[in-house]
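Trainee: Listed in order, the protein sequences are those of chains A and B. Per this note's numbering, the very first residue in the first sequence carries number 60; after that it's consecutive. Per this note's numbering, the very first residue in the second sequence carries number 20; after that it's consecutive.
Since the hints were derived computationally from the structure, they do not count as laboratory data. Be careful, since some hints might not be right.
What the hints assert, rightly or not - Derived pair list, reagent style DMTMM-like, types lysine to aspartate or glutamate, alpha-carbon separation capped at 25 Å:
id	chain 1	residue 1	chain 2	residue 2
1	B	224	A	420
2	A	104	A	200
3	A	434	B	200
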Amino acid sequence: MLAKVRSSSVLGLEAYPVEVEVDVATGLPGFAIVGLPDTAVQEAKERVRAAIKNANFEVPTRRITVNLAPADVRKEGPSFDLPMAVAVLAATGQLPAEACEGTLFLGELSLDGAVRPTNGVLSAALHAAQSGLRRLVVPADNAQEAAIVPGVEVYGVSHLLEAARFLSGELLLTPVTSNGAHEPEPDEEVDFSEVRGQEHAKRALEIAAAGGHNVLLVGPPGCGKTMLARRLPTILPPMTWEEAVEVTRIYSAAGALPARGSLMRRRPFRAPHHTASYAALLGGGNVPRPGEVSLAHHGVLFLDELPEFHRDALEALRQPLEEGRVTLARAAATVTFPARFTLVAAMNPCPCGSRGDRLRECSCTPSQVRRYQAKVSGPLLDRIDLHVEVPRLESRTLLDGQTGEPSSVIRDRVARARRLQEQRYAGKSYRCNAHAPGRVLRKVATPDAAGRELLRAAIERLGLSARAHDRVLRVARTIADLEGSENVTAAHVAEAIQYRSLDRTR
Amino acid sequence: MTEREAWILLNAAPGVSVRVKHRLVEAAGGAQEAVALGARTLTEWVGQRCARRLWEFLRRVSPAALLEDASRCGAQVVTLADPEYPQALREIPDPPLALYVRGRLPDPVRVAVVGSRNPSPDGEYVAQRMAAELAAAGVCVVSGLARGIDAAAHRGALEVGGPTVAVLGCGVDVGYPAGHEGLADQVAACGAVVSEYPPGTPPAKYHFPLRNRLISGLSHAVVVVEATLRSGALITADLALEQGREVFAVPGSVLNPRSAGPHRLLREGAGWAESAADVLQALGIAPGPSPQHSVGPLEARVLECLREPRFPDELVGAGLGTAGAVNALLVSLEVRGLVQRLPGGRYVSQVGQQPRACGCPAEENGARSGFSRRDRTQTP
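Generate the whole structure from the sequences, applying the supplied hints.
Mentor: Take a look at the structure:
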């Protein structure tokens, strides 16, 4: 007897169809899996056999052949366990063969027949909807994420027996509906009102949020760089539905979605440790998986202790920073992941952290300082629009300082500035000032006569580099947008210059 | 070989101290005679080791080659035999036999501004402002082109287009410290880069104390801005006393370890130098013109607030505007040269740095000048 069951696998973020074919024939009893299975798939035979037995079905003492079509693509992961078990049951007549039609199966089995959660279910659901499959049977823990996709019926099962009884019509299941997609956005755990003082840095982060700019925070240890960065997502405008689906899909593919997790409504905040490898940051693996840059898509990537990161990892950040995606070429496949994030980097002014402090003596030698700062290359700095010095707070400010504005107030201003930019860049592939190409920017961000004069004087007197020129205009445009101003004036330019401290030679 | 060439040759001989060279010239009755001495006489007069070094060097190197090296890097050579040799140096013990000069040694009164290579932002700013005010009054600022205070002093003088002299512990064509090549070129254009070592000589640890004797030797007074107790700036101050130069020190915070050096000098009787006006007054030089600026009322309040260095946040805290407005205001003031940004992000006003009206511990001119080494040892 032969049975076919539809399933799918994920390459990068895209799911592709996999057909699980099972043939049960006479011959020496055995269980063979063909179709380029990796070890996890190869071991499925043991799990499937045990699960079928423990679900009180019968494992035929005949020759079982499983083929995963297309046979020329390498299959990996345990998500074919459930479709294989269902196909075996159908092939041996323990399930009606027509019950599996038009249904996509995914799931890992445990030896007792329980269905365990697996990765990439959202991508599979999107694929199912596109290819006209109307029904999905997935692990109960993954049902919520699959239900985000409209137009498919999602059934969550927690045991092989449950799946079999559902398919044979003995058990009636109601399709799972997504409970996350329509709820209001959850409250953030942190808020800007908790940050005392640091008005300069807060203002810079507001500008960063409004224009999608990357930020470098420079300050001694303990001055609140991490605290500030952690709060940037709270002033970014809420994600659109499409953005949320995109982010959820990445998390689903990476297996980073919490159990029973639904649509991710909160902008991601990723803070990899500085020992993170190239592969951890950018993504990697034999069949590439998303790295931190992709997990921070539409959110914030926070790199604390920037100069301590591996040099090659930092250099590799240039493509995602420039293009908003990362392409990983591996022998098995070439995959592109989206990676459009706001970078917040933080560093000490020198290895010991006391440089520039009025009373503490810096114990670093000039060459140590130079080496430390040189670890962050010019091309990377060039992609960071705002440089912000965060001083150590005086205890006075810490104890009696006013609490600041709440995030919601700042977010409203940011949202207004973003709306202006969306109008300006309507119909373009970019949506904010930070991503607009230089030639467009020069058109929309040319300052008035006083502003031009100020910029000229600044380049001359402050030793501002030529490459800082464009960055200043970009930031000045955002500052003008925050103010709701059509024109870029001298005041906007002046403020923007303030955030280019590392470009100065004097 | 002319006498000039003999001085140049003798000066370039490595491994023999200036004092020994002077003794040799004196004993031989002239530089020309000294280089012509036989091996045996040399050994008799300066000992075997020095004699061998001298002998080998004099046989190996020709003065023409040294002169060619100098002209290749745009330096002139001034020897003790030349009338252009700075008079001030002739007065010190063990003056260099020859100097390599890139640029032109300015004539006016010279004041050395020296200090820590690892200064606080305030110290760096004080050095720069001091140098700018000295230069504005027509004083030539001498320093060592080192990192920190030295570089700030040169920059301050260059800022107002004033003359400045850098004395190096290596050849005038050697880029040391790394990254100061541009500054050295600017100094050479506005004044001079000077060294007693021939072009191509790499820096060596023992060159710097010797270099320091030229910094003080070329100057009428030495101002120490920030220095820990182990700093080379204190060596310069000691040498200045030996050479009969005046020593000034800039007082600082007692919490700052880099104030320890100046404070010790002050305790021992050095001149009190809060600003260039103190130094100029002691030297009997009129201060330079201070530029006038027109500022708006809010700008005036900001400048008033920035009499001491402050972070932009502190201005926000003082109710001078939002973070954005304050930042914009500061940059527009900075572009006009009315405020300066210190490393670490604080700002300080550049205007209204008038000489103080009130008295200070060393206000009487007599007590301040003529402070010699003997005085110091008597008043510990």
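Trainee: Mind listing which of the numbered hints don't hold for this structure, in increasing order?
Mentor: Violated hints: none at all, because every hint is consistent with the structure.
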